[in-house]
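**Q** Here is what each chain is made of, one letter per residue.
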Amino acid sequence: MNKSRVFEELLKVQKEYLNLLKHIESNKEIISSLSIIDNVLIFWRANQKFIEYILSEYFKSEETSVFTAIRKINLIDNEQIPFLLLNKFHIYDDRIPTYLDLQSDLSNDKFSTKFHNDILELINDNIQILERYFGSIILIPISFMEKIESEDREIVDSIFFGLFSSEYNSFEEYRDDNASIDDIRKHLDDGVESHIIFSVDENPKDDFIQRFRAYTNSTELPLKELKSDSEKFSFIIMGYLIQAYNCLNIMLHHKFVPYIRNRTSLNYTLIMISGLNDDGRTKAQGMINKMLVYYLIHNSIDKSRVGESTEKVFLESGVNKEVEKTIFDELCTHNHDFMKIEFQLIVEIINRNLKRIEY
Amino acid sequence: MKNSTLSEHKIIKGVFKTKISELLGSKIDFQNWAYERMPEYSWLGLIMSRYGRDEGFKRTYQIVSELSKADYKVKSLRLSDFLALSSEVQKSIFEIISKHICPDALSPLTTIIDSLLSNDFCIAFLPGNVNLEVRIDRMSDLIRIMGDGSSEFATDIRFIVIYYHALTNKIKFTDIMSEKMFDYPNLKPNNPIMVLYGSMIRSLELTVLNGENKENSFDYLELFWERMFRMTNCELMQLRFEENVIDYSVQLAAIKSELNSYKIIIDQSYPFDEKKIVSLGIALFSYKRVCEIVECHLETTIAGRSVLRGIIDSLFMLKYLVLKEGEVPDIWRKYQLHGIGKYKLISEKYIEIQGDKPKTHVPYEYLDILVNEFRDKEFVDMETGFFDNLGPRKLAELVDEKDLYNFFYDYDSSYEHALWGAIRESSFLKCTNPSHLFHYVPDIDNQQKLQSVLPDAFLVMDKIIIALRSVFETREAVQK
Ligand SMILES: [Zn+2]
Chain B
1 MNKSRVFEEL LKVQKEYLNL LKHIESNKEI ISSLSIIDNV LIFWRANQKF
51 IEYILSEYFK SEETSVFTAI RKINLIDNEQ IPFLLLNKFH IYDDRIPTYL
101 DLQSDLSNDK FSTKFHNDIL ELINDNIQIL ERYFGSIILI PISFMEKIES
151 EDREIVDSIF FGLFSSEYNS FEEYRDDNAS IDDIRKHLDD GVESHIIFSV
201 DENPKDDFIQ RFRAYTNSTE LPLKELKSDS EKFSFIIMGY LIQAYNCLNI
251 MLHHKFVPYI RNRTSLNYTL IMISGLNDDG RTKAQGMINK MLVYYLIHNS
301 IDKSRVGEST EKVFLESGVN KEVEKTIFDE LCTHNHDFMK IEFQLIVEII
351 NRNLKRIEY
Chain H
1 MKNSTLSEHK IIKGVFKTKI SELLGSKIDF QNWAYERMPE YSWLGLIMSR
51 YGRDEGFKRT YQIVSELSKA DYKVKSLRLS DFLALSSEVQ KSIFEIISKH
101 ICPDALSPLT TIIDSLLSND FCIAFLPGNV NLEVRIDRMS DLIRIMGDGS
151 SEFATDIRFI VIYYHALTNK IKFTDIMSEK MFDYPNLKPN NPIMVLYGSM
201 IRSLELTVLN GENKENSFDY LELFWERMFR MTNCELMQLR FEENVIDYSV
251 QLAAIKSELN SYKIIIDQSY PFDEKKIVSL GIALFSYKRV CEIVECHLET
301 TIAGRSVLRG IIDSLFMLKY LVLKEGEVPD IWRKYQLHGI GKYKLISEKY
351 IEIQGDKPKT HVPYEYLDIL VNEFRDKEFV DMETGFFDNL GPRKLAELVD
401 EKDLYNFFYD YDSSYEHALW GAIRESSFLK CTNPSHLFHY VPDIDNQQKL
451 QSVLPDAFLV MDKIIIALRS VFETREAVQK
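As they're listed, the protein sequences go chains B and H. If you're matching positions, the first sequence starts at 1 in this note's numbering and goes up one per residue. If you're matching positions, the second sequence starts at 1 in this note's numbering and goes up one per residue.
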């Protein structure tokens with residue numbers, strides 16, 4: 001492959017995308033949400049064959065991180081910096097096309113305004129990433145392209161039903177059996193309750209039902225529109241599971257490392273991973289290790305101190321790569337499966353080595 | 001359409017060029033219905049395909065007459081002309097259209113006309129339920145039915161185009177025939193007069209076309225075809241030939257056995273007979289090449305064609321040498337000297353190189369040894385041309401193998417010399433997707449196999465054996 005020529009072509013796509021986003025941004029008053037999603041969708045559809053090639057041939061499997069499993073990136077908090085510091089290639093999962101699934105609710109006025117604003121926010125993030133990190137962070141709607149097909153959906157459903165001690169074969173059965181959150185708690189399989197996280201902000205020490213209420217009361221539409229506890233519960237957990245399934249897909253299909261930054265996403269991705277058979281586990285081992293370490297680094301690194309300028313220094317000097325390698329080498333002396341290493345030890349090793357970056 | 005015959009070809013600078021290829025000579029060709037006007041009038045096509053002929057005509061009639069009466073002047077029914085107008089006017093045009101059709105009918109076009117191109121179009125025709133694949137499929141179906149400009153479907157649309165020009169007084173009809181033509185939409189498809197009107201409509205539409213300004217077209221057409229190309233898949237057509245099931249091993253063994261008998265005869269009675277040695281050499285060279293085709297499975301490959309051409313060269317040469325012998329008795333020697341002279345040229349050039357010598361597949365030192373086999377090396381001339389200055393065409397004529405030259409050799413030469421015909425045939429596939437404008441697809445995965453050369457290779461080989469037999473024929477009666 002003529003790598004540099006292919007990359008040039010990829011940059012052309014990025015530039016065209018930036019132009020489209022800027023056009024939308026400057027005409028946001030007149031272009032409907034539907035049109036925006038459609039334009040983005042058509043853009044990616046028209047570039048699909050090339051992007052598929054890029055994903056399978058250009059990016060080197062484990063050397064590629066995908067910033068995913070998030071609603072939006074926190075640019076003010078410099079979240080992109082640890083992402084950029086670690087690993088070699090960086091893909092940012094463009095979420096706009098996935099909003100297509102939500103458009104059926106557009107008849108609701110309140111929802112449609114929020115929807116429009118959400119999309120414009122995503123457009124803005126995309127523009128900023130493209131402008132500030134052009135060529136370093138590549139925007140690709142990777143989870144959209146890995147469309148969850150009906151058979152995938154069945155797998156996710158069965159994982160959801162698997163959380164319960166009773167056997168459910170459909171959501172009707174699940175709903176019939178669980179009128180309230182108390183019922184749900186009663187029917188969850190042994191030990192599952194502690195693995196259910198509703199939000200990043202919740203207090204893990206709080207009671208299960210308390211956490212559930214706190215979350216359902218705090219969140220926006222369309223969750224609030226749902227009537228029963230069982231509907232709300234499955235809506236929240238299925239959302240997380242689908243997201244986690246996407247991460248698993250990215251690992252197994254492309255052999256990329258999902259870059260996960262929050263506890264909830266990691267939690268459900270680990271639930272998914274625990275469902276892998278030995279073969280799948282072996283195949284994904286390298287990615288799982290990196291995913292874990294990146295998650296921990298992301299949450300240990302003092303992003304405010306790794307400012308824009310130091311980031312450039314590190315990228316150019318390659319110091320970050322060195323630090324990354326030391327961390328992995330050291331962890332490997334303990335166990336090749338990082339999930340088997342004492343959590344505290346990993347954090348300690350990471351923190352010790354990170355001191356070299358954070359100054 | 002009737003296929004053009006060879007006599008209809010105009011000879012331009014020595015190459016055959018059909019009338020059609022003249023027409024399609026350049027991509028942006030405003031005479032080309034499929035490439036240029038179909039995308040422009042695709043909106044009419046979508047309406048006609050959605051509502052069918054009768055209902056479609058009724059609705060487009062209403063739209064077109066309202067458009068013709070509008071204060072703002074809509075100069076044509078071309079989409080690109082609509083899109084060049086101000087947002088206000090566009091809104092009003094799309095409103096008129098939407099009034100007479102279900103907006104979803106034009107939704108497939110939103111895959112091309114996005115809000116960058118015309119937000120007003122999107123507002124008017126983007127469906128509430130965005131199913132992109134369905135829209136792409138409908139667009140590509142339309143291209144399939146509308147692409148043939150002489151089809152009934154396309155003729156209906158061309159009729160609407162001239163009707164609009166008549167309404168806006170861009171064209172005037174004087175003769176009765178033309179006026180009668182306006183009955184066209186009311187004719188039932190199997191009415192014989194349809195054929196006559198059809199061709200009149202098409203030629204009239206071409207006249208209208210000549211007077212049109214197409215400046216808005218370029219960008220729109222580029223976008224249209226780029227989008228359709230990228231959003232649909234290639235439909236590859238590759239030629240499949242019957243697989244060769246004949247087992248040639250018996251024939252090959254027979255040839256080997258015959259060649260071996262000549263080797264024994266030479267050893268026995270003619271160890272220094274140049275004529276016999278050279279002719280056996282030529283035959284053996286060809287035999288080895290046929291073996292290569294069989295053993296390396298080259299029969300359906302490009303290499304197979306080069307090999308066949310080489311075998312034909314051998315036949316021409318062997319027959320020529322036999323023919324010429326009476327006139328030039330030392331022709332066998334001359335032939336060797338000519339060939340060795342070529343090697344000498346190469347090895348001398350190599351010897352002249354100062355410093356590092358190139359490492360290639362050519363064994364230069366060995367070539368020099370071969371040249372030195374001729375005691376009178378200094379007398380070997382360095383050769384550059386054909387033997388006896390005879391090219392293959394002349395040779396074929398002399399040895400009475402003109403057919404072989406015309407029907408095999410010329411074709412195989414295209415392969416040998418990397419001429420485009422051979423490249424097109426062997427290394428590209430044809431895409432039959434009309435949304436892709438029938439482009440060529442590089443055959444990266446090496447799917448296209450060629451017709452087997454083996455039967456022809458054996459045919460030529462047989463001729464070589466016959467020629468060789470004549471060399472070994474003897475008139476001496478063997479006496480007891
Ligand atoms: Zn094609």
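What the hints contain is simulated information worked out from the structure, not anything from laboratory work. C-beta: ideal position from N, C-alpha, C; glycine also. Some hints here could point you the wrong way.
To be verified - With a straight-line Cα cutoff of 20 Å, these simulated SDA-like cross-link-like pairs (lysine to any residue) come out:
#, chain 1, residue 1, chain 2, residue 2
1, B, Lys-325, B, Glu-63
2, B, Lys-12, H, Asp-219
3, B, Lys-15, H, Leu-116
Claimed, not checked - Partial list, derived from the structure: chain H residues whose beta carbon lies under 7 Å from chain B:
#, residue
4, Cys-122
5, Thr-232
6, Leu-236
As the list claims (entries may be wrong) - Simulated restraints, written as ranges between beta carbons of each label pair:
#, chain 1, residue 1, chain 2, residue 2, range
7, B, Phe-171, H, Leu-116, 54 to 64 Å
8, B, Gln-48, H, Asp-219, 44 to 54 Å
9, H, Lys-99, B, Lys-110, 25 to 35 Å
**Q** With reference to the structure, classify each hint as holding or not holding.
**A** How the hints compare with the structure:
no.	hint	verdict
1	B:Lys-325 / B:Glu-63	12 Å, holds
2	B:Lys-12 / H:Asp-219	19 Å, holds
3	B:Lys-15 / H:Leu-116	15 Å, holds
4	Cys-122	5 Å, holds
5	Thr-232	10 Å, violated
6	Leu-236	14 Å, violated
7	B:Phe-171 / H:Leu-116: 54 to 64 Å	41 Å, violated
8	B:Gln-48 / H:Asp-219: 44 to 54 Å	23 Å, violated
9	H:Lys-99 / B:Lys-110: 25 to 35 Å	32 Å, holds
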